[in-house]
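Colleague: My request is simple: use the sequences and hints to build the entire structure.
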Amino acid sequence: MTWSAEWRRVGAIVWKDLTTERRSKAGVNAVAFMGVLVLLLFGFALGPDTEALRRAASGALWLAILFAGVLAFNRSYQLELDGGALESLLLYPGARWGIYLGKLIANLVFVLIVEVVVVPIALILYQVALPPGWPALLGVTVMGTIGFVTLGTFYAAMSSRSRAREVLLPLLLFPMLVPVLLASVEALTGLLAGDPMREAGAWVRLLGAFDIIFLVASLLAFEYVIEV
Amino acid sequence: MKPDARVGEYPGSRVVAGTIRLPTVTLRITDRDDAAATMTSVTRRFGRRWALRGVSLTIARGEVVGVEGHNGSGKSTLLRILSTAIRPTGGTAQVFGEDVVKNADAVRAQVAFLTHYPGLYDDLSAEENLRFACRMLGIDGARIPEVLARVGLEREGREIVRTFSAGMQRRLSLARLLLQRPRLLLLDEPYNNFDPAGIALVNDVVREVRSEGGAAMIVLHDRHSAGNLLDRVATLRQGVVHESSDDERAPGAPLLQSLVGGRLT
Numbered sequence: 001m002t003w004s005a006e007w008r009r010v011g012a013i014v015w016k017d018l019t020t021e022r023r024s025k026a027g028v029n030a031v032a033f034m035g036v037l038v039l040l041l042f043g044f045a046l047g048p049d050t051e052a053l054r055r056a057a058s059g060a061l062w063l064a065i066l067f068a069g070v071l072a073f074n075r076s077y078q079l080e081l082d083g084g085a086l087e088s089l090l091l092y093p094g095a096r097w098g099i100y101l102g103k104l105i106a107n108l109v110f111v112l113i114v115e116v117v118v119v120p121i122a123l124i125l126y127q128v129a130l131p132p133g134w135p136a137l138l139g140v141t142v143m144g145t146i147g148f149v150t151l152g153t154f155y156a157a158m159s160s161r162s163r164a165r166e167v168l169l170p171l172l173l174f175p176m177l178v179p180v181l182l183a184s185v186e187a188l189t190g191l192l193a194g195d196p197m198r199e200a201g202a203w204v205r206l207l208g209a210f211d212i213i214f215l216v217a218s219l220l221a222f223e224y225v226i227e228v
Numbered sequence: 001m002k003p004d005a006r007v008g009e010y011p012g013s014r015v016v017a018g019t020i021r022l023p024t025v026t027l028r029i030t031d032r033d034d035a036a037a038t039m040t041s042v043t044r045r046f047g048r049r050w051a052l053r054g055v056s057l058t059i060a061r062g063e064v065v066g067v068e069g070h071n072g073s074g075k076s077t078l079l080r081i082l083s084t085a086i087r088p089t090g091g092t093a094q095v096f097g098e099d100v101v102k103n104a105d106a107v108r109a110q111v112a113f114l115t116h117y118p119g120l121y122d123d124l125s126a127e128e129n130l131r132f133a134c135r136m137l138g139i140d141g142a143r144i145p146e147v148l149a150r151v152g153l154e155r156e157g158r159e160i161v162r163t164f165s166a167g168m169q170r171r172l173s174l175a176r177l178l179l180q181r182p183r184l185l186l187l188d189e190p191y192n193n194f195d196p197a198g199i200a201l202v203n204d205v206v207r208e209v210r211s212e213g214g215a216a217m218i219v220l221h222d223r224h225s226a227g228n229l230l231d232r233v234a235t236l237r238q239g240v241v242h243e244s245s246d247d248e249r250a251p252g253a254p255l256l257q258s259l260v261g262g263r264l265t
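First to last, the sequence lines map onto chains A and B.
Every letter in the first sequence is one number past the one before it in the working numbering, and letter 203, counting from 1, is 203.
Every letter in the second sequence is one number past the one before it in the working numbering, and letter 55, counting from 1, is 55.
If you are wondering where the hints come from, they were derived from the structure by calculation, not from laboratory data.
All the pointers check out, no bait thrown in.
Lysine to aspartate or glutamate pairs mimicking DMTMM-like chemistry, simulated, CA-CA at most 20 Å apart:
1. B:LYS102 with A:GLU223
2. A:LYS25 with B:GLU159
3. A:LYS25 with B:ASP123
4. A:LYS25 with A:ASP82
5. B:LYS102 with A:GLU227
Modeller: Structure follows, in structure tokens:
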């Protein structure tokens with residue numbers, strides 16, 4: 001297949017996944033609600049200390065996105081498993097990376113939509129004022145999300161054929177996410193505080209490097225995890 | 001002995017395949033180059049259980065082969081290997097000369113597989129499911145109305161698949177195969193959930209593929225539904241082909257094979 005044909009297949013998978021999610025509605029609502037719930041629970045655990053809430057804001061936000069995202073990744077492959085669609089999907093001619101990339105883009109859009117709901121609520125709950133350099137915050141959030149979704153989509157494919165996939169996915173995914181999570185939280189914390197130590201840039205570069213490494217490795221390895 | 005012209009004779013060349021009728025036995029001779037599919041000593045293991053224990057089988061172009069056997073005898077595994085859905089543990093399998101492991105993509109372009117499951121997306125309409133299939137296959141969707149009409153779903157095209165009965169979903173799965181114009185049809189218990197009109201539709205599709213030089217392998221429990229469609233029936237028992245309605249073990253078969261230089265299947 002030509003590159004243009006492969007990209008059309010990627011587009012078809014993105015369209016199919018997002019259309020299915022839009023029609024079912026339960027997915028976005030449940031995942032966004034899960035994210036807000038995690039933020040609330042952390043807020044209760046930290047108590048009414050405003051300063052403590054502000055310091056914990058970026059960590060709590062990323063944990064909320066993480067728990068909500070895991071639900072989204074499981075759903076993404078559950079759609080394929082219902083009615084044996086995964087096998088049909090794998091029987092279409094074409095490169096396996098096209099399937100992975102299609103699922104990755106659809107999951108990315110899905111998680112970004114959830115973040116549009118979760119991030120403003122986190123800012124309000126944790127009483128964080130947006131600093132003047134908020135576009136940089138946005139950029140870090142998107143970069144962190146790319147790394148998170150890249151790994152999540154890959155490990156969800158790996159665990160999709162297991163009966164214990166809901167348990168297996170976090171067990172596989174969370175340890176691998178440590179570098180992305182660490183770089184995202186540190187960069188976000190630094191930027192929220194106005195970056196007094198000028199450290200945020202290094203964390204952002206590290207995050208970018210992880211994103212590229214994970215993306216390339218996942219594209220190359222997807223064929224081996226999805227084949228039976 | 002004049003070969004039956006049913007299978008084919010190429011101008012200016014030797015007969016590569018045909019049927020030789022003798023007073024007591026009928027033998028089909030298939031040159032491997034002319035085969036739609038070949039399996040040689042194919043094995044497949046799931047955990048500790050062997051689903052296939054060394055299956056060798058050839059399907060000629062224009063041939064429709066039925067596969068029978070009890071539950072768990074390995075029938076679906078056989079089809080899944082030929083479709084490239086799973087890889088064999090041992091042995092080799094080829095579809096129109098392409099290896100199912102080494103050239104899986106080339107095989108997928110020629111094979112259509114109707115599985116037990118509908119393989120559809122419940123929240124998409126019938127048309128949307130077919131449009132998605134077209135985009136994945138790299139073909140335009142101009143034939144979607146035609147294939148929907150062929151399977152009797154022209155009025156339900158815009159309805160969400162979740163609302164379809166099992167029989168309607170089966171028809172839509174069949175419509176998806178028709179978009180592809182496959183050369184090898186693999187049908188796993190295709191008559192399930194079909195009414196008599198649906199059964200006739202399946203048989204028509206198989207005849208159409210056969211008439212265009214393709215072949216079909218059909219896993220079935222009841223030969224009655226296939227009518228006179230089947231050229232041959234292989235029986236699987238515990239992962240091994242035990243018998244075929246064409247008796248390749250007939251006296252004289254090895255002699256004929258060596259004389260003609262082909263393969264008896």
